[in-house]
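Protein chains in written order, with our numbering: chain A, 31 to 284; chain B, 505 to 758.
Because the hints were derived from the structure by calculation, they are not lab data.
Don't take each hint at face value.
The following label-pair restraints were derived from C-beta to C-beta distances [to be verified]: (1) P245(A) x R638(B): 50 to 60 Å; (2) D104(A) x E658(B): 36 to 46 Å; (3) K582(B) x N232(A): 18 to 28 Å; (4) K608(B) x K136(A): 19 to 29 Å; (5) L720(B) x N232(A): 33 to 43 Å; (6) I744(B) x N112(A): 50 to 60 Å; (7) K512(B) x L132(A): 50 to 60 Å; (8) N247(A) x I556(B): 53 to 63 Å; (9) N80(A) x K604(B): 51 to 61 Å; (10) N39(A) x F705(B): 26 to 36 Å; (11) N211(A) x K512(B): 53 to 63 Å; (12) F710(B) x M269(A): 45 to 55 Å.
The beta carbon of each residue, even a glycine, is placed where N, CA and C say it ideally should be.
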Amino acid sequence: MTKFLKDINLKGKTALITGATKGLGRGTAIAVAQAGGNIIAIGRNQLELNTLEKTIKKLKVKYKSFNCDVNDYDKMKSFITNLKNLDILVNNAGTNIPEAFLNVKKTSLDTILNVNTKAVFNIAQLCANQIIKLKKKKASIINISSIFGLVAGQKRTVYSMTKFGVEGLTKGMALDLAKYNIRVNSVCPNIVLTPRTKKYFNDKVYNKYVKESTPLNKVVKVSDVATAVTFLASEASSMITGTSLIIDGGWTAK
Amino acid sequence: MLKKINLKGKTALVTGAGKGLGKACAIALAEAGARVIVISRTKKDLDKVNKIIKKTKGSSKSFVCDVTDQAAFEVVLKKINRLDILVNNAGTNRPEHFTKVKTKNMEYLTNLNMKAVFNIAQSCSKKMVKFKNRKKIGGSIVHMSSQLGKVGCEGRNVYNMNKFGVEGLARGMACELAKYNIRVNTVCPTFVETPMVKKFFKNKKFKNKMLKNIPLGRLAKESDVATAVAFLAADTSEMITGTSLVVDGGWTAR
Numbered sequence: 031m032t033k034f035l036k037d038i039n040l041k042g043k044t045a046l047i048t049g050a051t052k053g054l055g056r057g058t059a060i061a062v063a064q065a066g067g068n069i070i071a072i073g074r075n076q077l078e079l080n081t082l083e084k085t086i087k088k089l090k091v092k093y094k095s096f097n098c099d100v101n102d103y104d105k106m107k108s109f110i111t112n113l114k115n116l117d118i119l120v121n122n123a124g125t126n127i128p129e130a131f132l133n134v135k136k137t138s139l140d141t142i143l144n145v146n147t148k149a150v151f152n153i154a155q156l157c158a159n160q161i162i163k164l165k166k167k168k169a170s171i172i173n174i175s176s177i178f179g180l181v182a183g184q185k186r187t188v189y190s191m192t193k194f195g196v197e198g199l200t201k202g203m204a205l206d207l208a209k210y211n212i213r214v215n216s217v218c219p220n221i222v223l224t225p226r227t228k229k230y231f232n233d234k235v236y237n238k239y240v241k242e243s244t245p246l247n248k249v250v251k252v253s254d255v256a257t258a259v260t261f262l263a264s265e266a267s268s269m270i271t272g273t274s275l276i277i278d279g280g281w282t283a284k
Numbered sequence: 505m506l507k508k509i510n511l512k513g514k515t516a517l518v519t520g521a522g523k524g525l526g527k528a529c530a531i532a533l534a535e536a537g538a539r540v541i542v543i544s545r546t547k548k549d550l551d552k553v554n555k556i557i558k559k560t561k562g563s564s565k566s567f568v569c570d571v572t573d574q575a576a577f578e579v580v581l582k583k584i585n586r587l588d589i590l591v592n593n594a595g596t597n598r599p600e601h602f603t604k605v606k607t608k609n610m611e612y613l614t615n616l617n618m619k620a621v622f623n624i625a626q627s628c629s630k631k632m633v634k635f636k637n638r639k640k641i642g643g644s645i646v647h648m649s650s651q652l653g654k655v656g657c658e659g660r661n662v663y664n665m666n667k668f669g670v671e672g673l674a675r676g677m678a679c680e681l682a683k684y685n686i687r688v689n690t691v692c693p694t695f696v697e698t699p700m701v702k703k704f705f706k707n708k709k710f711k712n713k714m715l716k717n718i719p720l721g722r723l724a725k726e727s728d729v730a731t732a733v734a735f736l737a738a739d740t741s742e743m744i745t746g747t748s749l750v751v752d753g754g755w756t757a758r
């Protein structure tokens, strides 16, 4: 009998994941490895990259890491252009400095634009070119976006500007890369409980706000997002490109 | 019951006002009775706009300024007593296929279409907020976005990233500036008959291909867009904020 349900299977595939040592990046690396994919982890903390190696190798897949800031274009370029295998990019590294619009500091604007917009673009471009050079018949790029790539939040003007930008980049890339059978999508999670957001959630008012803004009345887990990313990385989604998978408990449906 | 587009007594600032959409917006706002501050890098263009506005018995004042020069723009703002409306229009495009985009072009476009757009909006907002009757008389900021702030297009990935970013910024600003009764919206036109577009459309094949994407089968006129901007600038739209007015002949409806 012909199978109708396609597996989320990444056996033999190689995925590059930025911001891989913490939060969503780490969760995604583990999920991709559990689906059989080999991991190339990019992070800025060698200890954390080593810890991740132990976790990933237990899953019997290959692991390679590169200790590098995604803002360092030259280093990232020489690393990516020398890769022998690349099928998947999880463009995850990102940051946020919540400030009210009228008080946004120039340094904050630059920091967030550099990581969330310029580095995201540069890494995507480098990986797409490498995938084409390696003559891959199919590939998948997932940009980690946010509900703030779809709607606004208090003190999130710069973050929204950059994440709406990622949504735009995703669709533009999807069209330009379609002829190479490279699919490009984004995931838009609600505020997920991660090391970066833990401090937000410690604030009772914020905690209440997030829950009340989420019709399902619970916080999105790292595994919810990591599963979605792995689905988009695999052939289970082979006809999905140029769109966003929203994981928000209904936040943006209001 | 029918509210008119009336800007009598209001002061509006328009960037990129020397040519194309900015010029059309400046003239439309003046026709609606606003005192218009026109900003452009080219004095000759500004002189022409001033002349046209004067002919229609409108009031305008011009300043030669590059919007990416934040310090110079701050100097201009200091010379203005009051500001009620901002048309954040200055922007450009350098179409390139995603894998071929030159880093310097990505930086150039991002600095103008995102960074300057943000900085101009922030500076103008600060000025608008200071006005003591602001809450009563309201204020309006209109960002010039694009249908490419809504959908992807071949060779437009950076422009897509920038304009989606502007859509994000508008929503974030709308949330934060609502308490001052300052509304923030975008206008999203399809290809408009402007000098910039005429240059792209010298390529007949490209023109025909693009026209096929517009269900109405024609380009937008500058007046179509300028009228939409004036509508959003005036009290005709006093309950509209944080959204987009799409002027695209059906392009994004497909």
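These are the hints, each one checked on the structure:
The hinted range of 50 to 60 Å is not satisfied by P245(A) and R638(B), whose Cβ atoms lie roughly 35 Å apart. Range check, D104(A) to E658(B): Cβ separation about 29 Å, and the 36 to 46 Å hint is violated. A beta carbon spacing of about 42 Å between K582(B) and N232(A) contradicts the range 18 to 28 Å that was offered as a hint. As the Cβ distance of K608(B) to K136(A) is approximately 22 Å, the hint placing it in 19 to 29 Å holds.
Checking the proposed 33 to 43 Å range against L720(B) and N232(A) shows it is violated: the Cβ atoms sit about 53 Å from each other. Look at I744(B) against N112(A): about 52 Å separates their beta carbons, and that is inside 50 to 60 Å. Range check, K512(B) to L132(A): about 28 Å between beta-carbon atoms, so the 50 to 60 Å window is missed. Range check, N247(A) to I556(B): Cβ separation about 57 Å, and the 53 to 63 Å hint holds.
Distance hint for N80(A) and K604(B): a CB-CB separation of about 38 Å, inconsistent with the stated range 51 to 61 Å. A C-beta distance of roughly 47 Å is found between N39(A) and F705(B), which places it outside the suggested range of 26 to 36 Å. Taken as a hint, the range 53 to 63 Å holds for the pair N211(A) and K512(B), whose Cβ atoms sit roughly 58 Å apart. At roughly 28 Å, the beta carbons of F710(B) and M269(A) sit outside the given window of 45 to 55 Å.
When held up to the earlier numbered hints, the structure conflicts with 1, 2, 3, 5, 7, 9, 10 and 12 and fits the remainder.
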